[in-house]
Structure formats: C-alpha cells, structure tokens
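Visitor: For chain W, the structure is supplied; the task is to place chain E on it using the hints.
Sequence lines, in order, name chains W and E.
In this text, residue positions in the first sequence follow numbering that gives the first Met the number 0: the first is 0, and each later residue adds one.
In this text, residue positions in the second sequence follow numbering that gives the first Met the number 0: the first is 0, and each later residue adds one.
Read the hints as simulated data drawn from the structure, not as lab findings.
Beta carbons are placed, not taken as given, at the ideal position from N, Cα and C, and that holds for glycine.
Hints may contain errors.
To be verified - Here are the simulated DMTMM-like cross-link-like pairs (lysine to aspartate or glutamate), alpha carbons at most 20 Å apart as the crow flies:
(1) K317/E to D93/W
(2) K127/E to E56/W
(3) K127/W to E55/E
(4) K285/E to E306/E
(5) K158/W to E63/E
(6) K349/E to E306/E
(7) K215/W to E56/W
(8) K245/W to E306/E
(9) K158/W to E306/E
(10) K321/E to D344/E
(11) K308/E to E56/W
(12) K285/W to D351/W
Unchecked claim - Stretch by stretch, here's where chain E covers chain W in the computed footprint (C-beta under 8 Å, at least three residues):
(13) 98–111
(14) 296–304
There are 2 protein chains.
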Amino acid sequence: MDCVFSLTKFERMTIINLLYKTKGDSMSTIKDVALLANVSVTTVSRVLNRRGYISEEVRRKVEEAMEQLDYYPNQIARSLQKSQSYIIGLIVLDSNNAFFSELTKYIELFANEKNYKILLCNSNNQPKKEESYINMLKQNQVDGIIMCSHSIDIEAYTKINLPVISFDRVISNQIPYVASNNHQGGVVATEHLIGQGCKCLLHICGSMDIDVLPNKRTEGFIEVCKSNDIHFKVIESGHHNLIFDKTLMFIQESILPIIKEFDGVFCSSDLLAYALYTSVTSIGIKVPEELKIIGFDNDSFIRMLREPKLTTIAQPIKSISKLLTNKLISLIENRDSAIDDDIVDIKLIKGDTT
Amino acid sequence: MDCVFSLTKFERMTIINLLYKTKGDSMSTIKDVALLANVSVTTVSRVLNRRGYISEEVRRKVEEAMEQLDYYPNQIARSLQKSQSYIIGLIVLDSNNAFFSELTKYIELFANEKNYKILLCNSNNQPKKEESYINMLKQNQVDGIIMCSHSIDIEAYTKINLPVISFDRVISNQIPYVASNNHQGGVVATEHLIGQGCKCLLHICGSMDIDVLPNKRTEGFIEVCKSNDIHFKVIESGHHNLIFDKTLMFIQESILPIIKEFDGVFCSSDLLAYALYTSVTSIGIKVPEELKIIGFDNDSFIRMLREPKLTTIAQPIKSISKLLTNKLISLIENRDSAIDDDIVDIKLIKGDTT
Chain W
0 MDCVFSLTKF ERMTIINLLY KTKGDSMSTI KDVALLANVS VTTVSRVLNR
50 RGYISEEVRR KVEEAMEQLD YYPNQIARSL QKSQSYIIGL IVLDSNNAFF
100 SELTKYIELF ANEKNYKILL CNSNNQPKKE ESYINMLKQN QVDGIIMCSH
150 SIDIEAYTKI NLPVISFDRV ISNQIPYVAS NNHQGGVVAT EHLIGQGCKC
200 LLHICGSMDI DVLPNKRTEG FIEVCKSNDI HFKVIESGHH NLIFDKTLMF
250 IQESILPIIK EFDGVFCSSD LLAYALYTSV TSIGIKVPEE LKIIGFDNDS
300 FIRMLREPKL TTIAQPIKSI SKLLTNKLIS LIENRDSAID DDIVDIKLIK
350 GDTT
Chain E
0 MDCVFSLTKF ERMTIINLLY KTKGDSMSTI KDVALLANVS VTTVSRVLNR
50 RGYISEEVRR KVEEAMEQLD YYPNQIARSL QKSQSYIIGL IVLDSNNAFF
100 SELTKYIELF ANEKNYKILL CNSNNQPKKE ESYINMLKQN QVDGIIMCSH
150 SIDIEAYTKI NLPVISFDRV ISNQIPYVAS NNHQGGVVAT EHLIGQGCKC
200 LLHICGSMDI DVLPNKRTEG FIEVCKSNDI HFKVIESGHH NLIFDKTLMF
250 IQESILPIIK EFDGVFCSSD LLAYALYTSV TSIGIKVPEE LKIIGFDNDS
300 FIRMLREPKL TTIAQPIKSI SKLLTNKLIS LIENRDSAID DDIVDIKLIK
350 GDTT
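Just chain W, with the same shape it has in the complex:
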C-alpha cells in the first residue's frame, strides 16, 4: 500500500541526501549542531529521536546548539528515513461533546508524552464523513488510528492496513479495543434504582442499529429487571443524542407523554439524563421523590454541574485515553506483538437524583 516502504535502501538514501542538501549558508545541518555542541552526529540523532541513554547535560547542550542554529530537522525527511510520521489519526463523533472533548484532551496529552501528534477528525456520526476521513488518514501516512466513531460497517475498518485501536466496538481479532465494562454498568445502575425502591423502570439508550459495546448496558438492564421481576421498557433515542437541543426535543416528544408510568429511568448518557431531568422538573415532577434518574459517563459537563448533582455511572475517561494511546503506540512500534483488549471498571457516583 505505502510506496515509501517499497524503496531500496539506496533509493531512500538518495532522497534523504537530496532533502538534507544545504542551501548555501542559510540552513544549518545536523553536522553543524554536532560541531557546536561538541558531540557526535549519532548523539544529536539520539536526542532528536529520543532513543538510547543521553545524560541531561548532553541533551541540554544539543538542544541549546539546535536553538542557537535555528535547526529544525525536516520531519518529512525523517519520516521517510524511519517510515514513520509520528502522527496518530483520532476520529471522534463530536469533539465538542463533553465526553469526547475530554477523551481528545487526554489522548493528545498522552500522545505528546511519547512524541506523537494528533490529527483530529470529527465524523459527526456521518458514515460518508467517517469513510472520507479514513481515506484521508491513509493518504497522510499517519502511523495509526484511534477509532472512537462507529457509523460504518466493520469491513471498511479491516481494510485499513494500518495499526488501529477501537474504543467501544469489537471490530476484528486484529483490532484491539478498549471499553468500559458496559454490561456491569447496566447491572449496577439498574440494581441501584431497584435498591432505591423503584418498581417500574424505563431505559433510554442510543441506537441499537450498530453492534457497539455500549449496547451491553441495555443487556445488563434487561437481565436485572427480569431476574427481579420488575416491569420495564427500553426506548432508543437514535443517533442524535450528542446534541443537547435535539436530545431535549426527543425527550419532550417521546418520553414526557409516557413518563408517569415509571418511577425510575436509567439513561445511557449524562446528556440524556440531564435533558430528562430538566424536562420532568419543568412540568412539576419531583426528582428523586416521584422519579429517580441515573445517567452514564460522569462527563466533564456533569462534574461541573451543581444543580442537580446527577447520580451516574462513571467511565474512567483518563484511563481509557491512556490505554487507547499507549496500546496504539505499542502496535505502531512493535507491529508483531499481540495486544490484548481492555475492559475497564465503572463506578457508581451517587448524586441527588436517586
């Protein structure tokens, strides 16, 4: 697929020599840096590539020399040399959504610690946009992709031919995934509502069209309801549950007319839970006295919110981000190694809405 990888060593060296060709006096070379810092070219190269042991003093000397000479190695030439761009593609549904915004922030932070950069792509849950991003990322020779958007069929991902790691979806044996223990989340949320005295439960989830791991929240909910002989109902909110205004409209049109049949609701996101809370309290239903509400995510919006303190199932967003980033980098740097999937623990956060 990647024609750079198919060049012979001689051809590569030809390119690199051409790229590193100096332009009169106006550009510094790695040799100038080595000369000024009084170290070998190999040492400068080690500092640049963050490989091998380098003492703090030597690193400082080299960095000072680079700064003095205004030397910046041409990353395009370096990526040809190493067949690596040190760029990771990150595809999220919507980087302005509180959950994905925090995931993006931490992935960027952990990638930066290992000298990788993030190319950010918002799919807005549109299959066409997601596909065109995947093609774009291949063209730009990213080293790998973190997929946090799942609007297209599995086949498209298996054809990617680059290291890929997935959040919240099982794609294939070759593509490791990271997810919260969604099933356990559904179980804990439902048991909590029953423990607080609920007899009639509603579960509002996203769309079940695509087989993603958050669907297991619904499975956990149904299992617990059945084993406790609880009357229950499941309603899908569809794909638009990332945008608050649309979520609010959905709640008002589809949930308010039937809400009085229930005394407890498990929402599959905090956004749904907050939209439900504001809608029911505005028509005089008392939370938690008449209706108990539990969300999912413990996202940065809900953590900032003071009224109400929402009861929710917390996903460990920072740990998820770290696992996604570090596992992808392992795949990139050591392509043959087997990378396990990871299922991380969730936690009940008791607020004032149950």
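Guide: Then chain E, alone, in the frame of chain W:
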C-alpha cells in the same frame, strides 16, 4: 528554512518518481486510475487536488476508479511536489474547556471543507509546552498555525516563519488577528448592570500579565463605571480560570469574603460567572434580587445549562472559527496577499441572573 523548497526541479522529479515507483502488481498508479475511468491523468490530478472545473459525472467516475483500484496517492510525495502538507497546527489553551472545545470543532469543520487537516495541540497555558509545540509544528511542516494560546512573549511568534493567525492577541503587523469586540463587550455588560439598577460593581477578569485583547473588557468596564460615577473594583483571577474546581476555590477564597460590598458582578468568562453563581446562592444570597451576575462567552456549557439561564455577552464562536480558518488558508495559498484583522460583534444575551 525548509530544505524541500531548495531542491531543483530535477531533484524533485527524481524523488517523486522514486516515491511513485510501483511495487509489482500490488499498487495502483494515477495512470491506472485514468485508464479505468477513461479520462486523462490531468483530470485525475484535478479531482485529487480539487482544482479547476470538474463535472459531477467525471468526479464520480474518477472516485469510483480510485475506490476500485484501492488507490491512495501518497500524501508525502504530494506534499513534496506541492511543497504543502495541507496540515494546519492549532494551539489552544485546553481543548476540553467549553469555549475552546467548540472553537476546535468548528475550525476542524471549516478546514476539512477546504481539504486541510488539524494537528491539535493543548498548551495548558504552560509557556514551555507552547514553545515546544511551535517547534514541533515547524518540524512537521505544517502549512500554518492558528494560535489560540498566548503564554509566551511576542518575539517567539515573530520568529515562526510560517503563516500564522492569532486569536485574541495583537502579535505584529505581519500576523493578522481575529477577536471579538472585547471593549464593546465590557461596555455593554457594564451598562446593562447599571441599567438594572446596580450601584456598586465588581469585575472579575483573568490575568492582566500578558497583553491580550480580552483585557479590553476590563478597560470598557472601567470607562463606563467612571463616566457613570459608579463605585467599582477589579480583581484578577489569575491563569487558572479554565478549570472549574480551581475557579470555584478562587471564588470561595477571594470573592465571597467581600461580595456583600457589591450588587453587580461582570465576570470575564461564563465559567467564572457560574462558579460565582453557585457559590453565592449556596450561602443564601439571592440572584438577581441581591446580586446581579453577567458572564462572557455564551459557551456550549452555558447554552446547555437550564438552571440558571445566565445573562452573558455572546462571542460568535462559529464566525470566529470560520474567519481564523479561512484567513489562514488565504495566507498559505497566497502568501503575498495582505490579510486584514477582524473584530467581530458581540451580543448581550439576557438571562435570569440580572
């Protein structure tokens, strides 16, 4: 600076030919695509580069042929050919903050429309991190930088030697900026508080250490207070006003002890205003009866928030993002053209806190 630019045409062609060299039957070339789509190589190239007029039918034929042949032009080779990477570096303070998260989302959206990608960098307002990002972006041959973080001295930016556009800061004549009319925002907010009957005003701003355009909000506040003979005070919240918990701590330690001296507060961000609102209502102060509060930004957090509906000065985040992106792309594609600065209008959003 950029050694790729110093190559002769012959040297460039050598590299491109090497890069485009096919690897047996396993890789398709642009010629294969042209043959299959029954068009010229020039036409395929036009479709790839989105240049010149191409009918929908021809575009479709070419795209289908590309898909059939699994053809992805090597972007590294294309960037050598065109001396462009089609990557824009975006440095923000914190991509999880509601304001910057929305700015990032829209910049990515508008860049994508013009075939550019976003390399996302979070400075976390740390000068060292911001500097290392600027160096990293130079190494990675981005085509330009959108600077939305301003923790370092102006000199560092003027040395960048790439197209740069700045949000909220005047850097130099060579670097255009986009900003809201911050002065007008300060004036409108203060006049609104006085119009609602306030006699003693407090203004909580960020840090005045660095000369950025939002400082003009404070100038507007002071001017209106003076011309209306209003008793006033200005307090700086420092650099930590992007993180809610720290903002809350600052409000409780530095503002609550003196809050009873005032009947109106103009906060320079919605985050400050929300932290103030929750802190004062928790000690029994009635808003807006005893204390009126106005914020700044109308960020996505505040727009979602139902309790309270905060009175605030709205910055047009979508327009700002579009201006920043389109102006930078103009600078990149037409380096000699003069790009004007842009100051966009703010708007008072009347909520329940005044």
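Visitor: All hints, please: hold or fail.
Guide: Going down the list of hints, with the structure as the test:
Of the supplied pair hints, the one linking K317/E and D93/W holds, its CA atoms being roughly 15 Å apart against a limit of 20 Å. At roughly 18 Å between alpha-carbon atoms, K127/E and E56/W fall within 20 Å of each other, so this suggested pair holds. At most 20 Å may separate the alpha-carbon atoms for a hinted pair to count; K127/W and E55/E meet this at roughly 17 Å. Between K285/E and E306/E, the direct Cα distance comes to roughly 14 Å. Compliance with the 20 Å bound is thereby established for this hinted pair.
Our distance criterion of 20 Å between C-alpha atoms is met by K158/W and E63/E, whose separation comes to about 17 Å. The suggested pairing of K349/E with E306/E holds, with an alpha-carbon distance near 14 Å, which does not exceed 20 Å. A hinted pair counts as satisfied when its Cα atoms are at most 20 Å apart, and K215/W with E56/W does not qualify at roughly 53 Å. Note on K245/W and E306/E: the hinted pairing holds, with a Cα-Cα distance of about 19 Å set against a maximum of 20 Å.
With a CA separation close to 48 Å, the supplied pair K158/W and E306/E exceeds the 20 Å bound. For the proposed pair K321/E and D344/E, the alpha carbon gap of about 14 Å is at most 20 Å, so the pair holds. With a CA separation close to 56 Å, the supplied pair K308/E and E56/W exceeds the 20 Å bound. Of the pairs offered as hints, the one joining K285/W and D351/W holds, with about 12 Å between alpha carbons and a cut-off of 20 Å not exceeded.
Here the stretch 98–111 of chain W counts 7 residues with a CB under 8 Å from a CB of chain E, which clears the bar of 3, and the coverage holds. Counting residues of the stretch 296–304 of chain W whose CB lies closer than 8 Å to any CB of chain E gives 5, which reaches the minimum of 3, so the coverage claim holds.
The structure fails to meet hints 7, 9 and 11 from the earlier list, while all remaining hints are met.
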